[in-house]
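Numbering of the sequence shown is given in UniProt numbering, commencing with residue 1 and proceeding in unit increments.
The set of hints was computed from the structure by calculation and includes no laboratory data. The structure presented is a predicted model; accordingly, all values stated were derived computationally and were not measured. Do not rely on the hints blindly, as some may be mistaken.
[Claimed, not checked] For lysine-lysine, the following BS3-like pairs were computed, each having C-alpha atoms within a straight-line distance of at most 30 Å: (1) K330 / K162; (2) K387 / K290; (3) K330 / K57; (4) K57 / K162; (5) K165 / K325; (6) K314 / K162; (7) K218 / K165; (8) K314 / K290; (9) K162 / K191; (10) K187 / K247; (11) K325 / K314; (12) K250 / K218; (13) K218 / K187.
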Amino acid sequence: MRVAVAGCCHGELDKIYETLALAERRGPGPVDLLLCCGDFQAVRNEADLRCMAVPPKYRHMQTFYRYYSGEKKAPVLTVFIGGNHEASNHLQELPYGGWVAPNIYYLGLAGVVKYRGIRIGGISGIFKSHDYRKGHFEYPPYNPSTIRSIYHVRNIEVYKLKQLKQPIDIFLSHDWPRSIYHYGNKKQLLKTKSFFRQEVENNTLGSPAASELLEHLKPTYWFSAHLHVKFAALMQHQAAEKGQTAKATKFLALDKCLPHRDFLQVLEIEHDPSAPDYLEYDIEWLTILKATDNLINVTGSLWNMPENNGLHTKWDYSATEEAMKEVLEKLNHDLRVPCNFSVTAACYDPNKPQTQMQLVHRINPQTTEFCAQLGITDINVSLQKAKGEHHLCGEYEEQDDVESNDSGGDRSEYNTDTSALSSINPDEIMLDEEEEDDDNIVSAHSNSNTPSIEPSSNQGSDFSASFSDIRILPGSMIVSSDDTSGSPTDREGKLDEAVELENEKDLTEMPLKRRSDEHEPEQRKKIKRRNQAIYAAMDDDDDDA
Numbered sequence: 001m002r003v004a005v006a007g008c009c010h011g012e013l014d015k016i017y018e019t020l021a022l023a024e025r026r027g028p029g030p031v032d033l034l035l036c037c038g039d040f041q042a043v044r045n046e047a048d049l050r051c052m053a054v055p056p057k058y059r060h061m062q063t064f065y066r067y068y069s070g071e072k073k074a075p076v077l078t079v080f081i082g083g084n085h086e087a088s089n090h091l092q093e094l095p096y097g098g099w100v101a102p103n104i105y106y107l108g109l110a111g112v113v114k115y116r117g118i119r120i121g122g123i124s125g126i127f128k129s130h131d132y133r134k135g136h137f138e139y140p141p142y143n144p145s146t147i148r149s150i151y152h153v154r155n156i157e158v159y160k161l162k163q164l165k166q167p168i169d170i171f172l173s174h175d176w177p178r179s180i181y182h183y184g185n186k187k188q189l190l191k192t193k194s195f196f197r198q199e200v201e202n203n204t205l206g207s208p209a210a211s212e213l214l215e216h217l218k219p220t221y222w223f224s225a226h227l228h229v230k231f232a233a234l235m236q237h238q239a240a241e242k243g244q245t246a247k248a249t250k251f252l253a254l255d256k257c258l259p260h261r262d263f264l265q266v267l268e269i270e271h272d273p274s275a276p277d278y279l280e281y282d283i284e285w286l287t288i289l290k291a292t293d294n295l296i297n298v299t300g301s302l303w304n305m306p307e308n309n310g311l312h313t314k315w316d317y318s319a320t321e322e323a324m325k326e327v328l329e330k331l332n333h334d335l336r337v338p339c340n341f342s343v344t345a346a347c348y349d350p351n352k353p354q355t356q357m358q359l360v361h362r363i364n365p366q367t368t369e370f371c372a373q374l375g376i377t378d379i380n381v382s383l384q385k386a387k388g389e390h391h392l393c394g395e396y397e398e399q400d401d402v403e404s405n406d407s408g409g410d411r412s413e414y415n416t417d418t419s420a421l422s423s424i425n426p427d428e429i430m431l432d433e434e435e436e437d438d439d440n441i442v443s444a445h446s447n448s449n450t451p452s453i454e455p456s457s458n459q460g461s462d463f464s465a466s467f468s469d470i471r472i473l474p475g476s477m478i479v480s481s482d483d484t485s486g487s488p489t490d491r492e493g494k495l496d497e498a499v500e501l502e503n504e505k506d507l508t509e510m511p512l513k514r515r516s517d518e519h520e521p522e523q524r525k526k527i528k529r530r531n532q533a534i535y536a537a538m539d540d541d542d543d544d545a
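Work out the full structure: start from the sequences and follow the hints.
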């Protein structure tokens, strides 16, 4: 089965599908599935734009609304996770996943589905330690604090995913698992993104929660985005027991959707030819959702997941054969994901702009149907009930103070924050208050509980070539030194040299020209930072998204 993977989409669906069509014409055949690693930006209208955590100058409608309205239809089944630049009010309607448009499926806060026998899991958002142990308390209209905290990963999602026992083929996250850079060509990464050096050396770059999931799930493939650079790694896991074959995970991070950037990769992945060619629910995941339903928290209070420490009567929520059988019977042995997309908000009309469109906290009928069928709680119903009973009024008024005054002394079970994951990348949109937090922790040394064993230096340098046999992308998508101005990349160290096809010549003769009014700045301006010892203070008004 041919699977395409995209990095940060930033709402550029037309351009991604156009690029995919070109890749199909130049490759061995059609792509069966497209996976998107976050910053998808499923923006339906002007109100959705106001729920996206970016400065106003980056709030562009892009092209998703055409797929939402039915004007266009995704040419290939598209599955995506959320990142840190999303129409959060739209995705919040589907905490357990669902269709955001025909043929475009959101995995939810965390989720697992199957397609043609391939098991695909994912987790949305990015890691921020001060929100990690909170419940899902945010709802629209968001305030300056909750518009950011809404996309921060919570411990409940990580806990649910850690209950999985059956093998995962593909896993998606927006931010990288911490320490993964030790398993690839770290030297080349730092040539391309020199501003990552301190965090890499301190082992603070990436998400410790994702690293924990990587160690537990050991998927065959793990795809990420967020840092706007292509990077491949091969992580060899230790065998669980003697005599067992040790598993390995092929990691690949991709760039954002812009001309001359490495944002798309096509892979051949083995699948079960007898498996259905439609999207299916995963029975183990559904069983875990049902088992953990009583753990749902819709407050901003810090809390810990159950563990075997003498304080909890139950800490194992993994799916038993008997429980899975009960859930399967509840679903009448039909695991097919229903094509029940419905329009829940007015769609953008270029001829009739509505800049004052009201923000509404909606209950999505897909989620209502899913929760009723499985017998679980709709988080948004719980939020609305709590809001109606005025349980959260004071909490929302004080949320800004809670976040800004966080001492960091008891942020999460992880000893090191990873707020700086997106903080030092001149390629990334920055938010002022998050920069404040990042400056305080960027130089902290890692003391994380997650494994960070550094493999031999030869392992990663050769691995990126393993993607070359199936890479059919046009030359315009290959990263060049022009795309990394400001970093010390030279021609000998370019990423594309490790991933070019043997027949790349015929592809570069017809470079893909994106139909866009966007232009790359000739020189990227560095982001203004408060820590002058690490970052140069320059005007950030023209930063790239």
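field: Structure-inconsistent hints, enumerated in ascending order
entry: Result: hints 3, 4, 9 break, sorted rising.
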